[in-house]
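Given the coordinates of chain E, assemble chain X onto it according to the supplied hints.
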Amino acid sequence: MKQPDEPLDQWVRQALNDLPDTPPPGSAFNADQVWRQMHPSLPGAAPQRRVGTVWWLAAACAAVLLISWLYLELEPAEKVASVTNRPPAASTPTNRPVGPLALRQQTAVRDPSAKAVRERTVRRVNVPESNLVEQTELTEAITAMPAETLRIAAKTIPSTPEVPKALATVPKRQFRVVHANELQAEDEKRPKLYQTENFVRLGDEGELRPDEGEIAKPLILRLTNKPNQ
Amino acid sequence: MQMSTRTGQEMDQQLIEQCKRGNAFAQKRLFDQYANRLFRVSLRYVRNESDAEEVLMNGFMKVFRSISNFAYRDDNGLEAWLRRIIVNEALQYLRANRSLPLFQSEETAGIQPDSNPLPDMGLDAERIYALIRELPTGYRTVFNLYAIEGYTHREIAEQLSISENTSKSQLSKARALLQQWLTNYGYEATRRTS
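So the protein lines, in turn, are chains E and X.
This note's numbering applies: residue 1 is where the first sequence begins, and numbers increase by one.
This note's numbering applies: residue 230 is where the second sequence begins, and numbers increase by one.
Just chain E, with the same shape it has in the complex (with noise of 0.2 Å):
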């Protein structure tokens, strides 16, 4: 239990309840000095800049989880469609060199792994391709001109049976949806296409020439039936 007051006690509690709201004279406290120390550690701020962070974080996982799947899923679309808008290898077989990408492009059409489905073109014009350049160019040309001049060279230029005729002749591009298996009995019918780098020479041990050296060493078999000769 408390013991009743002293008169100075008293005297001081009165006297310090009438102190000014002020900081003391001669102190350089300066409270929005201290508050801006304070501040930056106040609960209530911390928490609003985690959930600002988290959900910044969420966001940019999903948009690289979005554009990854939208990357491998477009990719395998557009080989496809690279390679079924080639011009077939059918009409210029001997032209086109055979190398490694083309083998590539072409186990990629015969992975059973891909879609079942693919597009194709169906109707292919055999066009040379000097007739098509030249096509294009005059197309070119021609709708690149105004509209007076081509009216005036309609009226005076006698209308020739070639310009419509290669117009006639682009080839116009159709697409048939048809089954995986289609495209590999086509594949097995053409004439199968060899890799000429290197080969297997069977027959006696004669002399090389020198070019043929200088490119792959053969490999060279006795025709004996002995193995161990």
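Errors might be hidden in some of the hints.
Here are the computed lysine to aspartate or glutamate pairs in the EDC-like style, where the Cα-Cα straight-line distance is at most 16 Å [what the hints assert, rightly or not]:
hint, chain 1, residue 1, chain 2, residue 2
1, X, Lys257, X, Asp241
2, X, Lys397, X, Glu384
3, X, Lys397, X, Glu387
4, X, Lys397, E, Asp9
5, X, Lys291, X, Glu308
6, X, Lys257, E, Asp32
7, X, Lys257, X, Glu246
8, X, Lys397, E, Glu6
Read the hints as simulated data drawn from the structure, not as lab findings.
Quantities reported herein were computed from a predicted structural model and do not represent experimental measurements.
Same frame as chain E, but now just chain X:
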């Protein structure tokens, strides 16, 4: 008058509610409202100003951390709660810096204020406040807790880890020293209060 008091109370209540939600603007308003007053409280326990600022900062951090547990009744309740936190923080600071207990080694004889506090001023509240700050740490702490904050000797003994008798003796010595200083300034406390 009564109307304005009620409006002020409602505003303070809203201020507390906003502080509970972590509103920085409300926190700043509450800090501005009580910072100077509580700085003076802190300075009564911790003589050094930078230490008192540290006590104030730590105290307000605790205030904002534990404000969700505070139930607002009136302004006096709010201020008493804030003062209690600051006082506890100051005592903790004194304990951490081994300023307590210093009771046995201190002698009252011959102790004078370090400097003549506020010599140009009369014997007003500011001078009394300055004289209290000049008391030795042990006297000052017990006098502050008993005479100003209203703690009992048992509570002081628990807070400072001393015996009740030590608290009582420290208080009487603090009073005697303060009385002596005041008399030197020409003040008779008993006559003034009666």
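Hint by hint, here is what the structure shows:
1. As the CA atoms of Lys257(X) and Asp241(X) are separated by approximately 13 Å, the hinted pair is consistent with the 16 Å bound.
2. The straight-line distance between the Cα atoms of Lys397(X) and Glu384(X) is roughly 12 Å, inside the 16 Å bound, and the hint therefore holds.
3. In summary, the hint linking Lys397(X) to Glu387(X) is supported, as the alpha carbons are separated by about 13 Å, within the 16 Å threshold.
4. Under the criterion of a C-alpha separation no larger than 16 Å, the hint pairing Lys397(X) with Asp9(E) is consistent with the structure, at around 14 Å.
5. The straight-line distance between the Cα atoms of Lys291(X) and Glu308(X) is roughly 14 Å, inside the 16 Å bound, and the hint therefore holds.
6. Annotation: proposed proximity of Lys257(X) to Asp32(E) holds, straight-line Cα distance about 9 Å (limit 16 Å).
7. Note on Lys257(X) and Glu246(X): the hinted pairing holds, with a Cα-Cα distance of about 13 Å set against a maximum of 16 Å.
8. A distance of roughly 13 Å separates the Cα atoms of Lys397(X) and Glu6(E); the hinted pair therefore holds under the 16 Å criterion.
Violation of the numbered hints given earlier is absent; every hint is satisfied by the structure.
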